[in-house]
Amino acid sequence: MKSVSAEQLVKIYKKGNVKALDGLSLDVEEGTVLSVLGPNGAGKTTVVRILATLLSPDSGSATVAGIDVIKHPEKVREVIGLSGQYAAVDEILTGWDNLVMFGRLYHLSKSAAIKRAEELLERFSLTESARRPIKTYSGGMRRRLDLAASLIVQPKVLFLDEPTTGLDPRGRQEMWEVIEELVKGGVTLLLTTQYLDEADQLADDIVVIDHGRVIARGTSDALKKEIGGERLEVVVEQSQIARTMELVTRVSGAKATLDEGLRQISSPVTQGSSALIEVLRSLDEEGIHPLDIALKRPSLDDVFMSLTGHGAEEAVAAESGKKSKRGRS
Amino acid sequence: MKNAISDAMVITRRQLLLLFRVPEVLIFSTIQPVMFVLLFRYVFGGSITSGQPGGYVQFLMPGIFVQTVAFTLAGTASGLAEDMTKGLIDRYRSLPIARSALVFGKTLGDSALNIVVLFAMGLAGFIVGWRPDSGIMKITFAFLFLLAFGYSLSWIGIFVGLSAKDARVVQNISFLTTFPLTFLSNAFAPTTGMPRPLQYFAEWNPVSTVVAACRELFGLTNQFGATAGSFPSQHPLMMSLIYMVAIMAIFIPLSVRKYTSAGKS
Ligand SMILES: Nc1ncnc2c1ncn2[C@@H]1O[C@H](COP(=O)(O)OP(=O)(O)OP(=O)(O)O)[C@@H](O)[C@H]1O
Ligand SMILES: [Mg+2]
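Chain order of the listed sequences is A and B.
Numbered per our numbering, the first sequence finishes at 329, counting up by one with no gaps.
Numbered per our numbering, the second sequence finishes at 1265, counting up by one with no gaps.
Next up, chain B with everything else stripped away, as it sits in the complex (with noise of 0.2 Å):
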């Protein structure tokens, strides 16, 4: 056990040590988000109207950090193809350590990361306007409830990984799903506005519940943009933290299993 413990630590600073020897995917995985807060900022900030005091910037900012942190699934997912397809994947698992120290480690490597974009988008939010007055507490507590969201979300993104066999084709399908879901929330605009089926949907989209939650937890009122006066809309951090529990409980055992088997047959 505690050698399981110091390998998942010596694979998460494989996983950082990567980020230092390439800091491009540092720099671009910061930029992009970075970028996104500008353009929603300055492009709907003007048009949408949040209901909001303090403007868009504040309705924002919390649907931005959720967005990013969603991409975490995409993130893992590839890195781990790509790993299985160079064949370094058989030199991990012929080693004498526990088959679940190199999935704990790539999932505590990219939550690594999570915390450096994280950093980097709150500074921008506060260059162009956002300004969260709910106390350092809840403010820390808010980052440290994103960032267990994305390693909830990495999971799934080591199961897809495993699952398929080329780092572009998971690449895209992570893409593909991740990215809807990001929009088909309320993370950029109230749901009011979505047709009703879409609203109910959009409601019971986990990134809605994480987003309303740290809207909360920002000091944000009327968090989750609008309510269709569903379950998650009312209990949106309750909530979050049952999809939370409920995608490590599913995939992490899974993730392990198909880890330990994988190329077996």
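Bound-form chain A, shown alone (with noise of 0.2 Å):
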């Protein structure tokens, strides 16, 4: 059954007259997790805020829960938990005031919603910094706790709009803990991200958008083949060039590429750590020592430059419209 569906979304911000989504469609199943993969400008938090009955479209129809968003917000509303890009809780208040306050709209009793308050603290390690106010909270804290308040009433979807944006490594990793154990617990997700790795991580499905068009969609596994794979880099000295174009092509077994300025190699390589030493290896019979040499994952920069031909910087200043290759819908 599908928890989420969206059917030929289009929104025009009549502000600056932006075409913000431009016909989207995506569809969620029931207790799995679906990732909105795009970069900045892409139409993510367009698409979140018309699904959680924050924004209407201009056309096109979308249901959540099987409920209809544009009909009946009010019975949405019930079913839906909802973290945006920024975290929405009360700065001044303390982590455990903006909860219980929040259990309180939800219209649990006084006693339950302090107690679902410590439940959720518990659960997102925050009780220590329980009483502290959230301006006092670092980035990865306050989204634990935006995330904690989308959760007071166990919701049937989650929106999870770029949850872990602007946190550190460390911060994105207990982000990515706490919402696998809320996979596990069987919600229905749709998360956006700019991150690859994130999808990937995180996600049954993906979609790709851009320019507010889904550009391409499948799972991780079949987006990333399409993509391809990794990437063996390499930069020597000049007068090594030709030599390790040699050497990389034949290991790697697809023609290597040369970016002339960087004096940069590079090639696919399908089986990546051991196609690396055995390059390490050959370089060093040689006598060649590269100056820099790396394995490079796809990054979405990769996804946008093989699905739309420009990278994901070049799609933020595009004009909207004109480029976007229509993928697999």
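It cannot be assumed that every hint is accurate.
Stated by the list, open to error - Here are the simulated DMTMM-like cross-link-like pairs (lysine to aspartate or glutamate), alpha carbons at most 25 Å apart as the crow flies:
hint : chain 1 : residue 1 : chain 2 : residue 2
1    : A       : Lys110    : A       : Glu74
2    : B       : Lys1258   : A       : Asp68
3    : A       : Lys15     : B       : Glu1082
4    : A       : Lys135    : B       : Glu1024
5    : A       : Lys15     : B       : Asp1083
6    : A       : Lys14     : B       : Asp1083
7    : A       : Lys135    : B       : Glu1082
8    : B       : Lys1002   : A       : Glu78
9    : A       : Lys15     : B       : Asp1166
10   : B       : Lys1258   : A       : Glu78
11   : B       : Lys1002   : A       : Glu74
12   : B       : Lys1165   : A       : Glu91
13   : B       : Lys1086   : A       : Asp204
14   : B       : Lys1086   : A       : Asp68
15   : A       : Lys110    : A       : Glu78
16   : A       : Lys14     : B       : Glu1024
17   : B       : Lys1086   : A       : Glu78
18   : B       : Lys1165   : A       : Asp58
19   : B       : Lys1258   : A       : Glu74
Stated by the list, open to error - Short, incomplete list of chain A residues facing chain B, as computed with Cβ under 7 Å:
hint : residue
20   : Leu54
21   : Arg77
22   : Ile92
23   : Met101
24   : Leu105
These are computed hints drawn from the structure, not numbers from a lab.
Model, not experiment: these values are computed from the prediction.
Ideal placement from N, C-alpha and C gives every residue a C-beta, glycine not left out.
Make the complex out of the two chains shown on their own, each in a separate frame, by following the hints.
Shown next as structure tokens:
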């Protein structure tokens, strides 16, 4: 059964006349995780806000837990949890205050609200800072509290808009663990992110969007196959380039390419780490000492490169609509 | 409906909690009007002849009370604008609560702040010689009247706060409108000295009618300070009530609607 389904959503912001969504469709199977992956300005927040009844689309339709978001927004609000892109908690109040207040707004009795707040603080490792104002919290703590606030009443469908943007690696890791636990608990999750590894880690399915359209969708494995796997990159002295090119091509079995300016040779590889070792060994035998050598996993930028023909950075600058090639949809 | 009321009360509590968590807000919102009481009492008190037995301070206090509650508008507006920019409003709007609960709760919470501030001002006034002599009933009624005026203005504040995007802009706009309005009135000096057209404006100004109504309730004669014979100067109490009802009749539905659709387009 589909827990979330959006059909041909179009949203034009009157201010600036921006077409933020351009016929976007997606759906999330019950109990699974869908990651909406896209660069800045792709329309991720817009989609989430429409599904969470905060915004009305100009056309198209959407249902959440089988309820029409446009016709019955108040019913949708009873079954969803939302943690927006920017933590929406009361800075001045303490973590405890915030959660108890939201509990009351979910119509829990006073004692139930307090009990729930304490459970959640415990679960998100915030018990120790519960009595401090949010403004003294780190970015990661704030995000966790924000997430806790969206879980006061176990939601059927949870929306997380860029839950780890702005967190350091440790905060990110902690957030991932929290999210994975939630998913184990059976919640249906729609999460947006700019990071491929995040989508990879957390999601069953991924839709890649750009300029308000879906440009690719599939499981993370399928997408990766499409984009191509890891690449080996070697930088050497000018005089050693030719020899290195040969070596790398031999090991990887695919033609190596050269970036002349950077003196960087790169080639797709299948068995990343063993290819790296083999190239290093061969270079050593030849007496070539690389200035830099690295194994690169496909980044979001590569996804965009291969799917749209332009990088993630350019996607922001580019005017909407022109270049996006439609993916399988 | 029952839920809508209890939701509004939760928001009201939140507004009050904010005051406890940042006592500076409460302290400064109290100090400023108290300072005004002292400044006006001692700086102008000697030179403005109010014709009141008991001196200028009897005339002044209702004026400062009204000026202070008039600034509820600015407080509500900038508080709300701040919540809007922080994305807090999105959270509230994604909760299964009545859309009106938040705005009702906020206006009530800001009125609760007024209770504290008015109390402190009354005390300061008493210390510097303010002696209302109309009896406890009328005095209590006067304070309720002031709170009601502040409450109705906070609905304009909600509307302003929802309309603008930046909390500082909101603060400036509401300050720049409220400040002249409180001075183009009978709050601090009789209107008699003003040029004729201004005098009419001042007498129709809701600030003046509420001030005059309070003066009446606090037992002052010649409550209006002066009269150009206009209708509001003859019937300040009734006129003030009309103003308050009109403000709420216009701004409650406007604000609730605006809040419901905020960010939707
Ligand atoms: N309130 C608004 N008014 C006008 N334009 C807007 C508004 N909100 C978003 N936009 C525009 O709509 C487009 C999509 O924005 P959206 O916020 O959905 O992107 P996003 O994928 O969430 O980006 P980010 O990764 O930066 O959060 C962008 O071009 C943005 O500038
Ligand atoms: Mg966004």
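Where does the structure disagree with the numbered hints, that is, which hint numbers, in rising order? Violated hints: 13, 14 and 16; rest satisfied.
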